[in-house]
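**Q** Combine both chains into one complex, guided by the hints.
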Amino acid sequence: MGAGREDFDEILRLVRPGARVLDVGCGEGELLERLVAEKGVDGQGLEISQAGVSACLAKGLAVVQGDGDRDLDHFPTKAFDYAILSKTLQQMRNPRHVLTEMLRIADQAIVSVPNFGHWRMRASLMTRGRMPETRALPDPWWATDNIHLCTLADFNDLCGELDLRIDACAALTTGKPARPINPRGALENWRSETALFLLSRR
Amino acid sequence: MDAKDQSDPAIETHGGTWRFPAETALRLDSGASLSPLEIGYNTYGALNAAKSNAILVCHALTGDQYAASTHPVTGKPGWWNKVIGPGLPLDPDRYFIIATNVVGGCMGSTGPASIDPATGKVYGLSFPVITIADMVRAQAMLIEAMGIPSLLAVVGGSMGGMQVLQWAADYPEKLFSAVCIGAAARHSAQNIAFHEVGRQAIMADPDWRGGAYDAAGVRPDKGLAVARMAAHITYLSEEALQRKFGRELQRDGLSWGFDADFQVESYLRHQGQSFVDRFDANAYLYITRALDYFDLAAQHGGVLAQAFQRARAVRFCVLSFSSDWLYSTAESRDIVRALNAAGCRASFVEIETDKGHDAFFLDEPELDRTLRGFFNSTAQARGI
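Residue numbers (our numbering), protein chains in the order written: chain A, 1 to 202; chain B, 1 to 384.
Here chain B stands alone, though its shape is the one from the complex (with noise of 0.2 Å):
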């Protein structure tokens, strides 16, 4: 997004996809049981000998593993360079980083894209609905696979954020520290809304097919552009739209019709068309959903702060942005308060930027200065 974006010099990177033993299965929140499980995952830096020093990147809805080197598809920059790698709040020299896509994604790991054992036909609607404990579930299962018993810290903005209070909720004892940004701790009418308009773009694209466009050799690419304009649009504020485009035209004067005289128009368009070359239609159906269905007080009883009552011992930051109206303030605090309720150790900071949702992975300083103030205490409090 960022045309300045200098591409890394190279971070070591280890990765590709893990493969559970077929006996293995992820059991889901829905009842059902997935197997075989196959998780894709990249880590930068190395395991320290106690073990001591992994952090767990957990990616938002469209993100991936890529979170610190290039995209094998779009052969751009990992989405989280400018929080990963050498010098920066999580350095490589220093912690093992993990970052993993969500189970139900496309870029490795099972989900609606992979072949039905059952079928040996591709998943489509077939696949289970999954959650976002589910995802942390076999996030757990990866680490408890790679031998690595607690995590200094688990990190994670928008949807990786709820992913953050779901780990503290279920794996309390494995988390050293745990970091939200700009999340919820559900989903609101609104954020349903949006998702919704997404999906129905999706499936009112004629070569979505019921979800079977594989077999037919289509992709609904026309609906999932919509889908992600949409989106998009959610993730910046009034005011960065204004300030990057305002009502700048592409060429000079109107074109009297409906090409994108609009310089906003065309950067959607553009967002829109080059997000069908990485992502499936399908898997933007069922992430979508597993946000949707998120509410984790509904989990505890109707009460968040009963969601973190075993995770006292957790050190909590939760971060949000000032302009972010995707994924509010208010939204935070309210985490925090529950946080508070439960007697937990919990930080807050809202960072003041005009630059919406989206600004937890642009060059942000006081994100930059908040979180390494937090990681380096955090690493020097278990001694690394």
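Looking at chain A on its own, in the form it has when it is part of the complex (with noise of 0.2 Å):
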């Protein structure tokens, strides 16, 4: 994943002051702590890892350690107003399970996604034939946590499966600001290094 965090800023200004969060995926909690600080939310994480949830209660955060696969069904419907998944949907098992299950939680979901359809990508695959090895991809392929790889367009067209809304989508680069962009646009597919969602049920 790209060394910068851009995608935090990005989240930190969609996010509403004092709503109930879901961090999916908190790590050690650096984008929680800063919602905390910067946005006053009532902030929840779910975590993996036993040092990553130790970080967490050390910075007082509430976290849960789980699975973003299979313990987001333990939480109620409706619990939150944002759930969030932060460049780790194509690392899940079942990333339409996991996409549903926290529309189901949450009123909104923020979820960026590395974009399969970027340029350097599609000129990787054509002249090397290899698997691409990028800054926002960097691993090879049997050593990489990316399981479920997608495009743009193929995201696109989930969102449309599950009959969600895109309420606002931005394209990140790493070292650069995010830039608001039309998902649906060709040449967006080309040109967006990741992509990060806000999205609703219809």
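These are computed hints drawn from the structure, not numbers from a lab.
Hints are not guaranteed to be accurate.
As a list, the in silico DSSO-like pairs of lysine-lysine whose alpha-carbon atoms are at most 27 Å apart [unchecked claim]: (1) A:59 x A:87; (2) A:59 x B:174; (3) A:59 x B:51; (4) A:39 x A:59; (5) A:78 x A:59; (6) A:176 x A:87.
**A** Encoded structure:
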């Protein structure tokens, strides 16, 4: 994953102050900590690693050790205003189920996905004939956690299939500020490295 | 248990027996009431001026108020000396730590070995059956009598964790946070089954005398020791037993008899024998019964989340141990799910360890880190 967390700034911009937020895969709580400090949110994390959970607890964050693939089922319906899943949907065993669950638990979901349709991916695959290794996806195919890669167009299709509304979308590029985009624009599928979506049920 | 246990540089302890006035009775779930009521307790540290730094530590089945001070009978260091002490997660320099003996116990609190005022003799089996909620009610009375309006935290492992859950259900307005370690919201069939084996071992001892052993001047030590041995197996994981003892022998060669050939046999016999010096057989019956009767959801229409409806302002931390098969991670997750459903602020960690249920008072760095982080941030949130 990219070194910068430019996605955090965009998420902080999107989230309403004082909202109830679930951060799925919250790691050591960097985003939650900022959301609490800067937006006064009522935050809850879900994190798979014991070390991540301990780090969150030390920061005074509420965090449950668990697996986004399995344990979202444990949260009650409409418990949160936002469920956030940043840069990890493609690592889920069942991304479709995770999306559905996030929008059961929360009114809106904030999801970012690396775009496999980016021109570097396409060029790399075309010219080298090998799985691309880029800034956004730096690991070789046999070591990557990214098991469900998609393009911007693919993600649009899934949103349509699940009857989700795209309330906002921004392209993220390492080291640059987020750029609002029309996710259905053909050109964006070429030039967006990562896309961040604000989604709700129709 | 740990040979390396070093005794604490004496932590200043205050304590003794809290005697409630004769007209104060403890109302019990069974409908009976208990009077006079005495509670054995120890405290570590000092209550601050705002009375906001008090932490109640709840003990497990065979624990007591000697959480961080030397046990008067065994001479061993406090059972939670890895957690309570200077520089440890529960630091007496920062917190006022209260540890009590549960009602029904045998270390100073009113229990079956106390004198029944109606007869002037030891209660024995005429002692009323008590529950986890009764234990908690007595603790709440003590906290109030001490002039403490609310607790910074209530914390406990095993049966102590069940008391923590009961506190959250019954007195949420008196809690800022709650830490439940290696516990469950109810006793399973397997839990009850193991306890029944222990109770039957005690009752099968001819010296039990229908519970009236005190009058006969005897003690059902053999039965109580067997009960402890059976229970002790449930506190360890298979891996831990294997790692500690394997098939190692006590001496060279087999005895071709029924002496304790294997080290694990010798260990269990020792656990059983040393236990009877510090524990009362009838108290063991009553406390195991209280555990078996525990079912927090059943007290709230069968829905565990209902138990926590009033506890939305309490900060919860639930911990389990990966190799604990007595109160498994799945049972802790059920608690967390109910807390989430009730809209409570809950954290949960499963600590990776091969030490089994007993991990909560052993040297476990990740437990230390987790408790430290949680208590520290909780205290900060309350301005301590």
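**Q** Against this structure, judge whether each hint is valid.
**A** So, going through the hints one by one against the coordinates:
1. A:59 x A:87: Holds. Residue 59 of chain A to residue 87 of chain A sits at ~22 Å (cutoff 27 Å).
2. A:59 x B:174: holds (24 Å)
3. A:59 x B:51: The hint holds at about 24 Å.
4. A:39 x A:59: Holds - the C-alpha atoms of residue 59 of chain A and residue 39 of chain A are around 16 Å apart, at most 27 Å.
5. A:78 x A:59: Holds, because 26 Å separates the two Cα atoms, which is no more than 27 Å.
6. A:176 x A:87: It holds: about 16 Å lies between the C-alpha atoms, which stays within 27 Å.
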